[in-house]
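Peer 1: Sequence:
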Amino acid sequence: MNRKWLRYGAYALVPVALYFVNVEVQTRRGIAAMAATELEFRPLAAALVQARAEGKPVLADFSAIWCPTCRRLHTEVFSDPAVKAAINAGYVLSSIDYESAEAPAFMAQYEVSSFPSLLVLDGDGALLRKLPITFDPAAFAAALKH
1 MNRKWLRYGA YALVPVALYF VNVEVQTRRG IAAMAATELE FRPLAAALVQ
51 ARAEGKPVLA DFSAIWCPTC RRLHTEVFSD PAVKAAINAG YVLSSIDYES
101 AEAPAFMAQY EVSSFPSLLV LDGDGALLRK LPITFDPAAF AAALKH
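For the sequence shown, the numbering used here begins at 1 and goes up steadily by one.
There's no promise every hint is true.
[As the list claims (entries may be wrong)] Below, computed lysine-lysine pairings styled on DSBU-like, alpha-carbon distance capped at 35 Å:
hint: 1; residue 1: Lys84; residue 2: Lys56
hint: 2; residue 1: Lys84; residue 2: Lys145
hint: 3; residue 1: Lys145; residue 2: Lys130
hint: 4; residue 1: Lys84; residue 2: Lys130
hint: 5; residue 1: Lys130; residue 2: Lys56
Since the hints were derived computationally from the structure, they do not count as laboratory data.
None of the values given here were measured: they were computed from a predicted structure.
Hey, can you work out the whole structure from these sequences and the hints?
Peer 2: In structure tokens:
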């Protein structure tokens, strides 16, 4: 009786193991996608300090490192030369990961309930606007200029 339970119990562990392997793979892909942008993603607190010093707004990227849609945004949009130039010229870039300690407060303060979400904040952290999510680099670069 115990052997039968153990055999079937082992089969039940397979989906759990596959889930964790998938999360690890997606996480590694997300880290690689962010690195490939060659942009400097700062923690929000540091970005706000820098934004005040430079007189620039913060572009807050709320995402999850394992999120395929977030990865697509980084790969297809944030890696585009025109988008990178617009971000570097006009913004201080911040990344807030869904699983970070700062995420719950960020989500509550800015009423963010999904990712990816892109917010423009002033140096004091006040919300200036929410940017639409688009996978068209030219449209995104244009939205950054308004």
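Peer 1: State for each hint whether it applies.
Peer 2: Structure-based check of all given hints:
1. Between Lys84 and Lys56 the CA atoms are separated by roughly 15 Å; this keeps the pair inside 35 Å, and the hint holds.
2. Distance restraint check for Lys84 and Lys145: the Cα-Cα separation of roughly 12 Å lies within the 35 Å cut-off, and the hinted pair is therefore satisfied.
3. Pair hint Lys145 plus Lys130 holds up; C-alpha atoms about 13 Å apart against a cutoff of 35 Å.
4. Only pairs whose Cα atoms come within 35 Å are accepted, and Lys84 paired with Lys130 is accepted, the gap being roughly 18 Å.
5. Taking the CA atoms of Lys130 and Lys56, the gap is about 16 Å. The hint holds against a cut of 35 Å.
Checked against the numbered hints given earlier, the structure satisfies every one of them.
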